[in-house]
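There are 2 protein chains.
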Amino acid sequence: MISKKIAQALEGSSAIRAMFREGKEMASRYGAENVFDFSLGNPATPAPDSVNKALKDTAEKMDPLMLHGYMANAGYEDVRKSMADNLNKRFGTSFDVHNITMTVGAAGGLNIVFKTLLDPGDEVIVFAPYFGEYKSYASNFDAKIVEVEPNMTNFLPNLEKLREKITERTKIVLINTPNNPTGVVYPEKTIEAIAEILRQKEKELKKEIYLVSDEPYRELVYDGAREIFLTKYYRDTIVGYSFSKSLSLPGERIGYVAVPDEAAYAEEILAGLEVSNRILGFVNAPSLIQQVVAKCVDEKTDLVFYDKNRRMLYEGLSDLGFTCIRPQGAFYLWMKSPDEEEERFVQAAKKYGIIMVKGSAFACAGYVRLAYCVSPEMIERSMTGFKKLAKEYGLKK
Amino acid sequence: MISKKIAQALEGSSAIRAMFREGKEMASRYGAENVFDFSLGNPATPAPDSVNKALKDTAEKMDPLMLHGYMANAGYEDVRKSMADNLNKRFGTSFDVHNITMTVGAAGGLNIVFKTLLDPGDEVIVFAPYFGEYKSYASNFDAKIVEVEPNMTNFLPNLEKLREKITERTKIVLINTPNNPTGVVYPEKTIEAIAEILRQKEKELKKEIYLVSDEPYRELVYDGAREIFLTKYYRDTIVGYSFSKSLSLPGERIGYVAVPDEAAYAEEILAGLEVSNRILGFVNAPSLIQQVVAKCVDEKTDLVFYDKNRRMLYEGLSDLGFTCIRPQGAFYLWMKSPDEEEERFVQAAKKYGIIMVKGSAFACAGYVRLAYCVSPEMIERSMTGFKKLAKEYGLKK
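Line by line, the protein sequences are chains A and B. Under our numbering, the first residue of the first sequence is numbered 1459, with each subsequent residue one higher. Under our numbering, the first residue of the second sequence is numbered 1459, with each subsequent residue one higher.
Only chain A is shown next, with the shape it has when bound in the complex (with noise of 0.2 Å):
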């Protein structure tokens, strides 16, 4: 007597919350400290201290019926203008208030986005492996996904298969760089690459094709790599973006999408947005956390805490014999199974207390992902457990 979309949902569920949940029963049969709970991508640094000063001072002084009123349903102006400010400030845009939406996180921003673009049956490429969530919200509006395979080698799209799987029920192509759930980060010559075959399409097929662009790793990149912003690649370009992981806010539900003018339709695409934001339920972004974000949007996260777990924990596998992609950005690393059954794998490192989520859950099978936004502690005990499944399945050293 539910609603078949949602039976379905259920029996598929998510991998990953399954692994978050079963981490916390692990945590309480056999104890925290022997549980090494690689699963979920919720940040373990804190939010920066500016942001508990901003909550306070913003609950002193602004007014209650201002700070916690209706807005329009774009979010506050205000608020618009400095994620504006600091997008034309760090990447050279030219946004202004009516070019960006804030929106209930990334997840939220991603969903007026399908609403607001995708009829039923157009489809939206993504290449895998990727973020699972993405088949939901285009179910949403039952449009499609359409899978590019992987690129076993380096991770990064396939090239040749998009421009084959490029029709004209294509809407949306979806990228998320710094990737999850590899760890990757797109070169600006694949950036390039990918929008010169767009463009090409758009032309042949007659039609727009929209680059969407989910960002919420957008600041997470080490080894000096430089952070890209995609409006200046590709003119039909929109990005979603989230403070959940720059600020680790995830619970906050706030973030932002930006759609610069030059895009084809922008004008009616913000108003659909906004609408969008009404009738899904969304209303607006949450009020108080808009003013908080506002006033610290020049923060950063501690990129130096995530970047010795990254070399840690990626040193310690390859170490004791397992394959990784070396991780660029995002806190993923992205780890080739053992076992050529990899859920056999992951089962098989539950034994240890270690929690993993199997590539399949991303498209990608043969491949397991760990998130490392967690204690260097954790990450430096769990390698025991690590260490005797590298035994287990005779990996060298």
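Don't read these hints as lab results, they were simulated from the structure. Predicted model, so just to flag it, every value in this text is computed and none were measured. Among the hints, a few may not be true.
When chains are identical, the list treats them as one kind, so a pair holds in a single copy or across two.
Said to hold, decoys possible - Straight-line Cα separation of at most 25 Å, BS3-like style, residue types lysine-lysine; simulated pairs:
hint	residue 1	residue 2
1	Lys1619	Lys1547
2	Lys1519	Lys1482
3	Lys1659	Lys1854
4	Lys1854	Lys1794
5	Lys1482	Lys1809
6	Lys1849	Lys1794
7	Lys1808	Lys1854
8	Lys1462	Lys1664
9	Lys1845	Lys1482
10	Lys1482	Lys1539
11	Lys1462	Lys1665
12	Lys1758	Lys1539
13	Lys1519	Lys1753
14	Lys1619	Lys1647
15	Lys1661	Lys1462
16	Lys1854	Lys1665
17	Lys1753	Lys1514
18	Lys1845	Lys1647
19	Lys1647	Lys1659
20	Lys1593	Lys1794
21	Lys1462	Lys1659
22	Lys1846	Lys1809
23	Lys1809	Lys1661
Position chain B relative to chain A; hints supplied.
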């Protein structure tokens, strides 16, 4: 190039939001003191002091990783427990943690309920006049709104018509008491009569029909009327609540959905709500404000303030010869248009700076809605304009 549904939504847009924007424009053109904006249900009493205190205390004392981090998609367990305890204490229910899902306001709550229950083509019965957004929420899931014609004498549900409209496609009967837009509060015997009809129809049609109660105005009742909680009248009841009005937090987007264990398929529905929260992009209700409402769940808004406004507006307009439904709850006054075209009446009122919403926005032409969640001074000063309007329409007195 935007989706058909959104293109349509943009044409229709929200009459309420349109008037809200127009009010703001008029205020900047003619001066705020010359505009009397009765358009939007934006509370006029500030959040209780305890909210501010809870905000600062929580920010001060709670571990920021917990305070701003992900939790289960249904919300923090301790927060859900507070909601359950509060309902049990007040209404003699027996909710526990698992019966409560924290939501992004009542709008978010209704959307996850609809997502969980509705297949395309399913019908949702509403009693006109009703909050226009319900139609958009049903459309999100390709379900159909079926309107029961208004009972123009007292604006209580037309029960004979309800009986006629229930079919095999009926999945939900949606009620909203205290009512937006009429301010009517359903008496207990009306609730009992609806319950009886639904029980008969469930038996006759051999299927579940869920009574979904949208209760953002639950506590806003006057003249000593009793707050009513619906689960004890009908087994298959689902309650959606919001703290927007009771704690004056509409911008914060915080509420909950309660599903009693005795409801048919309760377990599946609760699982469905959690997964819907995730895949519709809410992920979870905003974390900090969850903690705050848990601490303030026993607080009430300033009912005396609204009650005074209610009397002043109702008596003022009645004295001028307007025909009004005496409001018993919420903060809306429902007034008969003295012009057979209520849209013309709304336009005429604008000459005097008065902003109202036309009844046809609530599927009930011939009436207008005035939200009296405004300052008493504004009501007082608006009377000069209303007097001219009454004269223009030749009303007696």
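Right, here's what the structure says about each hint:
1. Within a single copy, lysine 1619 and lysine 1547 get their C-alpha atoms no closer than 36 Å, and across copies no closer than 61 Å, so neither meets the 25 Å cut-off.
2. For the homomeric pair lysine 1519 and lysine 1482, the shortest alpha-carbon distance between copies (23 Å) is at most 25 Å, but the shortest distance inside one copy (39 Å) is not.
3. Taking CA atoms no more than 25 Å apart as the test, lysine 1659 paired with lysine 1854 passes in neither setting, with 47 Å inside one copy and 69 Å between copies.
4. Taking the shortest Cα distances, lysine 1854 and lysine 1794 sit within 25 Å of each other inside one copy (15 Å), while across copies they are farther apart (84 Å).
5. For the identical chains of this complex, lysine 1482 and lysine 1809 are intra-copy neighbours only, at 15 Å inside a copy versus 62 Å across copies, given an alpha-carbon limit of 25 Å.
6. Proximity of lysine 1849 and lysine 1794 under a CA criterion of 25 Å is satisfied intra-copy only: 16 Å inside one chain copy versus 81 Å between copies.
7. For a Cα distance limit of 25 Å, the shortest separation of lysine 1808 from lysine 1854 inside one copy, 21 Å, qualifies, whereas the shortest one across copies, 81 Å, does not.
8. Taking the closest pair of Cα atoms, lysine 1462 and lysine 1664 come within 25 Å of each other only across two copies (19 Å); inside a single copy the shortest separation is 36 Å, beyond that limit.
9. Taking CA atoms no more than 25 Å apart as the test, lysine 1845 paired with lysine 1482 passes inside one copy only; the shortest distance there is 23 Å, against 65 Å between copies.
10. Only between protomers do lysine 1482 and lysine 1539 lie at most 25 Å apart by alpha-carbon distance; the minimum there is 19 Å, versus 41 Å within a single protomer.
11. Proximity of lysine 1462 and lysine 1665 under a CA criterion of 25 Å is satisfied inter-copy only: 16 Å between copies versus 33 Å inside one chain copy.
12. Taking the closest pair of Cα atoms, lysine 1758 and lysine 1539 come within 25 Å of each other only inside a single copy of the chain (19 Å); across copies the shortest separation is 35 Å, beyond that limit.
13. Proximity of lysine 1519 to lysine 1753 under the C-alpha cut-off of 25 Å is found in both arrangements, the shortest distances being 13 Å within a copy and 21 Å between copies.
14. Taking identical chains as interchangeable, the C-alpha atoms of lysine 1619 and lysine 1647 lie at most 25 Å apart only when both belong to the same chain, with a minimum of 17 Å there against 65 Å between chains.
15. Proximity of lysine 1661 and lysine 1462 under a CA criterion of 25 Å is satisfied inter-copy only: 23 Å between copies versus 39 Å inside one chain copy.
16. Neither within a single protomer nor between protomers do lysine 1854 and lysine 1665 lie at most 25 Å apart by alpha-carbon distance, with minima of 53 Å and 62 Å respectively.
17. Both within a single protomer and between protomers do lysine 1753 and lysine 1514 lie at most 25 Å apart by alpha-carbon distance, with minima of 12 Å and 17 Å respectively.
18. Taking CA atoms no more than 25 Å apart as the test, lysine 1845 paired with lysine 1647 passes in neither setting, with 38 Å inside one copy and 69 Å between copies.
19. Taking the shortest Cα distances, lysine 1647 and lysine 1659 sit within 25 Å of each other inside one copy (18 Å), while across copies they are farther apart (64 Å).
20. For the identical chains of this complex, lysine 1593 and lysine 1794 are intra-copy neighbours only, at 24 Å inside a copy versus 48 Å across copies, given an alpha-carbon limit of 25 Å.
21. Taking identical chains as interchangeable, the C-alpha atoms of lysine 1462 and lysine 1659 lie at most 25 Å apart only when they sit on different chains, with a minimum of 23 Å there against 36 Å within one chain.
22. For the homomeric pair lysine 1846 and lysine 1809, the shortest alpha-carbon distance inside one copy (10 Å) is at most 25 Å, but the shortest distance between copies (80 Å) is not.
23. For the homomeric pair lysine 1809 and lysine 1661, neither the shortest alpha-carbon distance inside one copy (55 Å) nor that between copies (51 Å) is at most 25 Å.
Hint violations for this structure: numbers 1, 3, 16, 18, 23, all remaining hints satisfied.
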